[in-house]
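The lines below spell out each chain.
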Amino acid sequence: MSGKPVLHYANTRGRMESVRWLLAAAGVEFEEKFLEKKEDLQKLKSDGSLLFQQVPMVEIDGMKMVQTRAILNYIAGKYNLYGKDLKERALIDMYVEGLADLYELIMMNVVQPADKKEEHLANALDKAANRYFPVFEKVLKDHGHDFLVGNKLSRADVHLLETILAVEESKPDALAKFPLLQSFKARMSNMPNIKKFLQPGSPKKPPLQEKEIPNLLAIFS
Amino acid sequence: MSGKPRLTYVNGRGRMESIRWLLSAAGVEFEEIFLETREQLLKLCQDGSLLFHQLPLVEIDGMKLVQCRAILSYIAGKYNLYGKDLKERALIDMYVEGISDLMQLILVFPFSPPAAKEENLATIAEKATERYFPVFEKVLKQHGQDFLVGNRFSWADVQLMEAILAVEEKVPSVLSGFPQLQAFKTKMSNMPTIKKFLQPGSPRKPPPDEHYVATVKKIFKLN
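Chains as they are written, first to last, in my numbering: chain A, 1 to 221; chain B, 1 to 223.
These are calculated hints, taken from the structure and not from any lab test.
All of these numbers come straight from a predicted model, not from anything done at the bench.
Among these hints, one or two may not hold up.
As the list claims (entries may be wrong) - The following label-pair restraints were derived from C-beta to C-beta distances:
(1) Glu168(B) with Lys141(A): 43 to 51 Å
(2) Phe220(B) with Lys4(A): 41 to 49 Å
(3) Asn151(B) with Ser49(A): 21 to 29 Å
(4) Ser189(B) with Lys196(A): 48 to 56 Å
(5) His211(B) with Asp126(A): 30 to 38 Å
Stated by the list, open to error - Over 12 Å on every C-beta distance to chain A, these chain B residues come out as not near it, computed from the model:
(6) Ala125
(7) Lys141
(8) Glu168
(9) Pro179
Ideal Cβ positions, reconstructed from N, Cα and C, are used throughout, including at glycine.
Here chain A stands alone, though its shape is the one from the complex (with noise of 0.2 Å):
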């Protein structure tokens, strides 16, 4: 045993990108473990490894969590990401919540079928520039603090982080009426784990391409 935390999923981002972001945030190494083939998800299923029969799984501390909010508050507690009190807290998860929605959106856009792909990200892209960027430049602009919440890094900084970039890959010019969200990405990117995090080599994955969605649809089916 390694003591490092063990991820297992697909080789994707999927719903364990947030945690391998988190993890690299709080320079945490952890371990991957891939499921290629259906059998590779039977067989956690029926060692008992899974509480709910799914993947995302993380073995951590002695636990095999599930879920990934779960696993996200656990990390981000046990690494000081989580704001110093309840209030913190509060507005910690408001702010990672909404930036979930938007994720989702954005991620569930290339498994749309093709005739409603375009409305789709139209739709996504459309509430990252009216609904969720707004909100996150205006708290930048008011309180004038590098991070978030509580003036200091926290999860909610690095899930901005990463919904920006994802956002970028669908539309590089995003954040071209957000200046305060500009230089956030610029700074986020330049603290020593998340720069690690983003250059080749790292634990980040690529865009999920629609060729790889037959093989990935044939595990988890």
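Guided by the hints, dock chain B onto chain A, whose structure is given.
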């Protein structure tokens, strides 16, 4: 200002019901504002009350909280329903998230087209009896305690109780293979704050009906 939390939503269960459950289980009285028109929602958006232009909204301790999970986590933390340490919180979070996946099926059910309802109902029954309820039956059996985590009442117990009753409304015999859950349900029903919530006249909302579905569609502009 009464100092009580104030909940703004439609007059129905939806995404606010878990919050009503948790506040009530914690013995916290609250006020409710019910939206009936889209104009009322737009007004809230315009006056900056809704961070992401969405409901639920809960005004509590000087904050305008949105996003169900943020609201529920805050209430759980404030009223000591979130375990004693990070590891108990992890267990509570896992249980709550799993139950939340089951509750999501129930949440969307009234909005599914008539042709899909029979299949969706079967899915609810299947997931409840094969994926979710067996987990909690086993948890209770293994430690033999009254509550799911840490031998103490927590958010997980409230969420499980809500889910059991919600599924039973659709599948009355759903607990027939789960003796531990039957005993759990009885114990929970007899806890004073929950007993009060289960009585007529409490803030508990009835199951969604056609009027509720129509109101939601109108206010949130859904198809």
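Handout entry: Hints that the structure is at odds with (numbers, increasing)
Key = none
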